[in-house]
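Engineer: One letter stands for each residue in the lines below.
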Amino acid sequence: MALPTYASTGQRVWHYTFRTICGLILFYLIAPLLVVIPLSFNAQDFFTFTPEMLRLDPAGYSLQHYRDFFTNPDWQGPLWNSLAIAPVATLIAVALGTLAAVGLSQGHVPFKRAIMAILISPMIVPLIISAAGMYFFYSRIGLQGTYWGVVLAHAALGIPFVIITVTATLVGFDKSLTRAAASLGAGPMRTFWKVQMPLILPGVVSGALFAFITSFDEVVVVLFMGAAGQKTLPWQMFTGLREQISPTILAAATVLIAVSVLLLGTLELLRRRSERLRGLSPA
Amino acid sequence: MADATITGGLPTGREARPASPEPMLAADGTLLRASLARSLRRQKARALLLIAPLLLFILVTFVLPIGDMLFRSVENAIVPETLPRTVAALRDDPAEVPGEAVFDALYTDLVVAEEYKIHTQLGTRLNYEFGGASSLFRGAGRHVGKFDTDVYADQFGDANPAFADPGRWAAWMADDAVRAALPQTTDAYDAWAKFTVDVHGDDPAEEDLGDFVYAALYRDLAAGAQPPGLPSVDVSGFEAVSLKQQFVDDDEGWGEPEIWTTLRTFSPRFTAGYYLNAVDLKIGPQGIELREGSDRIYIQLFIRTLILSVTITATCILLGYPVAFLLASLPMRSANLLMILVLLPFWTSLLVRTSAWKVLLQQQGVINDLLVWAGVLSDSGRLVMINNQTGTIIAMTHILLPFMILPLYSVMKGIPPSYVRAAKSLGANDWTAFWRVYFPQSVPGIGAGSILVFILAIGYYITPELVGGTKGVFISNRIAYHISDSLNWGLAAALGTILLAVVLLLYWAYDRLVGIDNVKLGG
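Heads up: the sequence lines are chains A and B, in that order. The first sequence begins at 448 in this note's numbering and counts up by one. The second sequence begins at 1447 in this note's numbering and counts up by one.
Hints in this document: simulated from the structure, not taken from any laboratory. Among the clues, some could well be false.
Here are some chain A residues pointing at chain B (derived, C-beta under 7 Å) [claimed, not checked]:
hint, residue
1, 481
2, 556
3, 580
4, 666
Result set (DSSO-like, lysine-lysine): computed pairs, CA atoms no more than 30 Å apart in a straight line [stated by the list, open to error]:
hint, chain 1, residue 1, chain 2, residue 2
5, B, 1728, B, 1690
6, B, 1728, B, 1917
7, B, 1490, A, 559
8, B, 1859, A, 559
Ideal placement from N, C-alpha and C gives every residue a C-beta, glycine not left out.
Sequences and hints are given; from them, build the entire structure.
Structural biologist: This is how it looks when you write it as C-alpha cells:
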C-alpha cells in the first residue's frame, strides 16, 4: 500500500494518520509483554519502575526474582507439575487426534458434520462450564484431584486443535500417493508411516504445539479438577495475583514469554517449510 | 453415485437405455455394483474405526461431564433420600402445618440422618430456597437425641424385660409374621440396625435399641397391631409423647408453614428450582414469583455479562479492522513481520497477559506513574483503572484482539485489489471505493471474528476474576463461586447450562456462517 506519487495532501495526511493509528494498536498489543520483561529484573519488590531503573543504574536491576523462581519450592513444584502434565496430555491428544483426522479425511464418513461438531466442542464450550462438568463427573468416578484426572481433562481440551491443524494439512494431501504405495505392495500401516505421516508431519507438530500450550497455560479446569499435588504454574500465578502478590510472578511471566517465543518460532519455521514444499510440488 | 446407470442384470427394453443389458462384472466375477458397494462399506467402516477411539475418549472425558452438569441442574434427590419417610407422609397430609404422623416420620428420618451426619447438608440445600432452614435442621439434629421419647423405652422395659433385650429383638425381627404385623417398628428397627453396623460397627443383637424404635413400636401397638410371638402388653395406659410438640418446643419454625411448603415443593426427585433461582424466580406458596430485591442478582449479572461481551467485541472490531486491513494490504514480507506482533500475544500465556495488565493498570502502576511523571495527572488524581469494568474491558480486549484480527485478515487476503481499483477508475473517491466495494466484502470476516470473540468473552473467568473487582465480573465468576465456595452445585449447574445454551446457539450460527472445519489457527 505504498503511497502513489500523485497522492493529494489529504491522502498523504490520511495515509500517515492511518499508519499511526495502526502503530498505536500494535503497540497496545505488544507493550504489556514488553513492560513485564524489564520489570522482572527489578531489584526492589515493586511492580513499577524505580528511579534507579529509569536512570539505567545497574544497582536498580537484579536477578533476585529469577533466583527465587528457580529455587523456591513454591514455584519449582508447580513448574515440574506443569512439565509432567502437559507432555502426557499432548501425547494422548496427538495420538488420538491424528488417527481421527485421518479417518475424517477419507470420503464417505457417515455423520461427519455431527462427529466434527462433537470433537471441536471442547474448544467452544466456555472453560468454566467444562471445568464445572468435569469437576462434578470426575469426583463421581474418583478421578478428581488426581494426576490422571487433570491429564485426561487437558487432553480433551487439546484435541480440537490437533483435529483442526491435521485436517487442514490433509486437505492438501494427494490421495494418489497412498494408492501408489498400496499398488506397490505396502500395507496400510506401512503406507501411513512411510508416505502419509512424513507429509502431514508439520500439521501434526503444530497441532501438538497447540495442545501443549493449551495444557501448559490452562488454569480454570486444573483449579477445580486438581488437588494441591497437581498445582501447575498458571495456577500458582493465579493464586499469586489474587492473594500474595510477589514480583517473582514477573520472572515467571518472562520465562513463559520466552517459551511462547520459542513455540512461535517453531511454528513459523514449519509454516515456511510447508509453503516451500507446496511451492516446489506441481499444483 | 453411479448406481443409476449400473442396474444389475435387469433386462431393460426402454429406448432411453441403449446400453448393454449384460450385467457389469468386476475382475473377480462378482457383480460390479455389489463389489463397489462392498468396498464403499469397507471404507466407511475403516474411517469410523479410526475415529472411534477419539470419539469415545471425548464422549467419556468431555460430553459425559457436561451431561452430568445438565443432570445436576435439575436433580434434587437429597430431600427424598434424606427424609424418605417424611416425604411419603407429607403426601397424605395436605394441611399447612402437618399433623403428628408427619412429625413421627420426621423424627425417625432425622435420628437416622443425624447418625450419618447428612442432615446439615439437607439444611444447607433447603436454605437456598428458604433462609432459616439450615438453622432449623442443625438445631433439630442436635436435639433430636434428647427428645422425651425415652419414656417409651422405659415403659416397655417395665412392662416386660424382654423388650429391653437386643437379642430377643433380633429374633423377632427375623420373623416375617412379626415384620408384617409391625410395619413402622420394622422400618425403624432396620434403619437402626443398619447404622449400628455401618456407623458404629457394632452388632445389633447386643446393643440397646434407639428410642425411636420404641416410639415406632408404641405407634404400631396403639394402632391395634397384634404381633405373634411378642409378649403381650397393653399400651393404652402408656404415657404418650407428642413429637410435634417436641419439635415445636425445640424451634417454633417447625410449627410454621414456611418450612413445610419448602419441603413439599422440593420433595420430588427433580426440580426446576435451580433454573428459577438462576433467573431470580422462586416457587412461592402462590406459584412462581420474583425473589426479594436483594436476592435478585442473576438477571442483572447475565445482562452485565452480555453488555460487557458486546462492548469487548465492538472494541475488538474497532481496533482489529484497521490492523487487519494494514496487514492485508502490505507486501508479504512486512506483513509477516507485523504479524508477529499479533501472534506473540496470542501465543503468550493468559496469566502472563493478565499479570501484565495488573502491573500496568494499578494505581501505583506503570501507566499512572507515567502520567503523573509527565504532569498529566496530579499524584492524588491517579486513575482507577483496575478492579472495575474498565479494567475488564481493557485487559480482555487485549487478550481477544488476535481472535478478531486473524479471521479478518484471512478474509481480507481473499478480496482482489482489482475491485477497488476498478471502482476508483469509474470515478469513486477513496471513501466510496472503500465503503461501497471493499467493506461489504470484508463483512464475513467481521461476522466470523465477532462470533468467535463473543463466544470466548461471554465465558471468561480468569481475567475478570483478577482485574474485574466486584463490578467487572461475569456470570462465570458466579458459577465458580457456587462450585467452590457456596457449594450450591445445582445452581452452578443451572447457570452453567443457561450460559452453555447461549454459546451453543452462537456456535451453531458460527458453523452456518463459517463452517467449523474452516477455523484457522494463527495464519
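Engineer: Run through the hints listed earlier and report the numbers of any the structure violates, in increasing order.
Structural biologist: 1
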